[in-house]
Amino acid sequence: MHSDAKPQGSPLRQPWIEFRNIAKRFGSIQALTDVSFCGYAGCVHAVTGENGAGKSTLMKILAGVHSPDIGEVLVGGREVAFAGPAAARAHGIATVFQELTLLPNLTIAENLFLGREPRKAGFVDRRAMRRAAKAVLDHVDVDLDVDVMCGDLVIAEQHLVEIAKGAAAESSVIIYDEPTAALDGPGVDKLVRLISEQKRAGKLVFYISHRLDEIFRLCDTTTVLKDGRHVTTCATADLTRNTLVSLMVGRELGDLYPARRAPEAGPNVALSVADFVPALGRPPVSFALNRKEIVGLAGLEGQGQREIVRALAGLISPEAGSAKRGMENDAAETIGSSVVGAVRAGVGFIPEDRKSEGLYQSLSIEQNIGLGMLRQAAMTARAKIDRNRVKTLMHDMNVRARDESQLVSSLSGGNQQKVMIGRWLASGVDILLVEEPTRGVDVGSKAEIYRLLRAFADEGGAVLMTSSELTEHLGLCDRILVVRDGAIVAELDGADANEEDVMRYALMGRTAEGAPA
Amino acid sequence: MTAHRVRRFGRSGLGFVSIGLPIVMFVLLSLTAPEFFSLENIGNVNNQITALLIVALGQLMVALIGGIDISVGSVVSLTSVLIVSLDPSLAAPAALLLGATIGVANGLGVAFFGVHPLIMTLASMTFVQGLALLLLSGAGGTVPAPLILMAKSSVGEVPVAFFWCVAVIVGATILLNHSRLGLRIFAIGGNAQSAELSGIRVLTPRLACYTLCSLAGVVAGIYLTGRIASGDPTLGQPFGLDSVTAIALGGVQLSGGVGSVLGAVLGTITLGLIANGMNLLGVSPFFHAALTGVLLLGAISLQRRKVIGI
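In order, the protein sequence lines correspond to chains A and B.
First residue of the first sequence? That's 6 in our numbering, and the numbers climb one at a time after it.
First residue of the second sequence? That's 27 in our numbering, and the numbers climb one at a time after it.
Careful: at least some of the hints might be erroneous.
[Said to hold, decoys possible] For each label pair, taking beta carbons as the anchor points, the in silico distance ranges come out as: (1) A:Arg349 x B:Pro311: 50 to 60 Å; (2) B:Ile45 x A:Arg83: 49 to 59 Å; (3) B:Leu65 x A:Arg132: 39 to 49 Å; (4) A:Val159 x B:Leu159: 55 to 65 Å; (5) B:Ser327 x A:Arg444: 32 to 42 Å; (6) A:Ala186 x B:Gln219: 12 to 22 Å; (7) A:Asp189 x B:Ile145: 45 to 55 Å; (8) A:Ala186 x B:His142: 47 to 57 Å; (9) A:Asn26 x B:Ser327: 54 to 64 Å; (10) B:Glu66 x A:Lys139: 26 to 36 Å; (11) B:Gly319 x A:Gly346: 34 to 44 Å.
Think of the hints as simulated: they come from the structure by calculation, not from any bench.
Note that beta-carbon positions come from the ideal geometry of N, C-alpha and C, so glycine has one too.
With the rest of the complex left out, here is chain A:
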């Protein structure tokens, strides 16, 4: 299984798309490093890997959304440099983006032909456009009126139209980015039929997915990326589920993580969640969060971890169930239903997007942390911030800043995250809900943030976190709850679990039990 392995059935042909030594960096994050592989016409080519492996970034480079820092892309043997998505389209590269790109105020027909409207005497030929749009929808087997505004469609219909849009484009390459995320069974069947047809027509189909079923069902060739690096490109027939999973994972943990303490006996439940339905259409979840414990909600992206945390934090109102401080049967306080209610009950929330949801970018470190201390003060009370307390916290957390009056917007990601944590430490909450504790944070600060969270737990606090980095769960958490399709499919001991176990549950759900390791 080497990168130069050619797909079956096309050993003699020239590659249609070639990536050469692609590297791309976003701020402090190296998204792609030295990625090289080829794609062949008439081939369905899976690009897969864990969350954050770089598969979407690579495909967005091919789609002209990003340009590579280093390396080149070759189409039909010629080097290309796309100035934007329009240029990529002109080179015959159509993309079905994961985030919908349909314009809500345009009809289906207008959306399908935006940018290359049929014309008559210089004007848009609406009749021809509608006719052509109908033909495209018939071809994809989607039964919708082409005059309907796309904003009026339900999400699943929008995804079908998005797929039709990719099919409508004149192209030699089609990129599908997680196309089945919002499709139902018949929708997936339609997509499968369409892709086989596109393959027969000699197109190169890139299929980004981490759903093993679909990869094995659809794809001739599979490329695995890990941490932004190319692992392998080989014929899918040469792979088994287990080999594919182990290619996607497997890494050294190092001593980034603080030591765990032995679990203490006795009733020390901090938060009990029972039959909790965070959002409509999700199954109920039940679990307990203990004092002195860090629990991780692991799983693939978009499986409902975020909804569980956000519903507990009071940002979205749960459909059913309860979340209470302490034991479930105690006459304990119910939390949730509003952010203010959650905070009042001693639950702090650290959102993944600290820039827009967490910090006050235009205020100083002192004010950002101080707002935590003031949480129980009356609205009319004098807003006096205990500066010494802020200084002590900054020192303890090792916030690297000029002084406490520096604006948080000028801090690095890691230091901003520490300020975010500091606010809750100052406010005296004892339960922390943390989304992506180290997103956009450099490695040095990561270790310090892990230490802070561990110290918070050791002092009697409880932490519930989500992370798209599996290693973070394995290194930091005492217990890992694996979430798939909104349900908790496995509970693993953090110290004993390994990446393959977690991935197997995340990918295959409960059926993974008893699977050969």
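Following the hints, complete the assembly by docking chain B onto the known chain A.
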């Protein structure tokens, strides 16, 4: 998945309020003001709203991409000054060229340098108004006779203003509903990022919208100067904001992507009817302004605020 949902008003932004308001106003005035329902008075209303209509259609273009142009009023003023200060054969081309320059500058400021449209056009409004007053400090000057004729005469019983209106309405309709630019304007207003991912360039249509709006100001300035037969460096002052009022009454969403030529026309007619009616009923102009404010807020509150998910 058999979806057959036809939205009554699509992306036009029209609704029962924006369509009903001018009709109700027309009926009320016909009943209460005896002089209202006459050919002469209707012609008057037409004369009074023509300049605002031209500017409102320009403002519509900018609003559809989610912008706002308050500088268009001073473009009207500057045009008026240029008409009376320059050689008649040069005046109109010079005004159009200057208008286009101001529009491109606004567009570049907003779309390329990322200045907020309100700030960008506030700056150009102030600059252009200063320039107009620098060239002509007070009303006066001579307007070429052909221009006066073009703005004030009538063809049979029909005042020439009517033809100005028809021309700009037809032009704007063709542009928005039948050209590729029109479709791109709606697309960018709907969601600029998605539009870009769909493979269309987003800078040029934005520049075009601001340029069209400024050019609309020039055309309105030429018409209005001919009608009052005099140059006036503050002629266009009310237009910057009145045009926004007009399109807002007509259901155009200032967040972009939703609006129509018909909406802009109906909003302008509504404003014209209020002015005319207050005048006929002998109401103080100050009360007229206060009423317009109340009406605007009331009408907007009754409109569908959340149109097709934008």
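Now the hints, each set against the structure:
1. A:Arg349 x B:Pro311: 50 to 60 Å: With Cβ atoms ~55 Å apart, the hint holds.
2. B:Ile45 x A:Arg83: 49 to 59 Å: At roughly 56 Å between Cβ atoms, arginine 83 of chain A and isoleucine 45 of chain B fall inside 49 to 59 Å, so the hint holds.
3. B:Leu65 x A:Arg132: 39 to 49 Å: For arginine 132 of chain A against leucine 65 of chain B, whose Cβ atoms are near 40 Å apart, the range 39 to 49 Å holds.
4. A:Val159 x B:Leu159: 55 to 65 Å: Holds, since valine 159 of chain A and leucine 159 of chain B (Cβ atoms, about 57 Å apart) stay within the stated range.
5. B:Ser327 x A:Arg444: 32 to 42 Å: holds, 41 Å
6. A:Ala186 x B:Gln219: 12 to 22 Å: holds, 19 Å
7. A:Asp189 x B:Ile145: 45 to 55 Å: Taking Cβ atoms as reference, aspartate 189 of chain A and isoleucine 145 of chain B lie about 47 Å apart, which means the hint holds.
8. A:Ala186 x B:His142: 47 to 57 Å: violated, 35 Å
9. A:Asn26 x B:Ser327: 54 to 64 Å: holds, 59 Å
10. B:Glu66 x A:Lys139: 26 to 36 Å: About 52 Å separates the Cβ atoms of glutamate 66 of chain B and lysine 139 of chain A, which means 26 to 36 Å is violated.
11. B:Gly319 x A:Gly346: 34 to 44 Å: Given range 34 to 44 Å: holds, Cβ gap about 40 Å.
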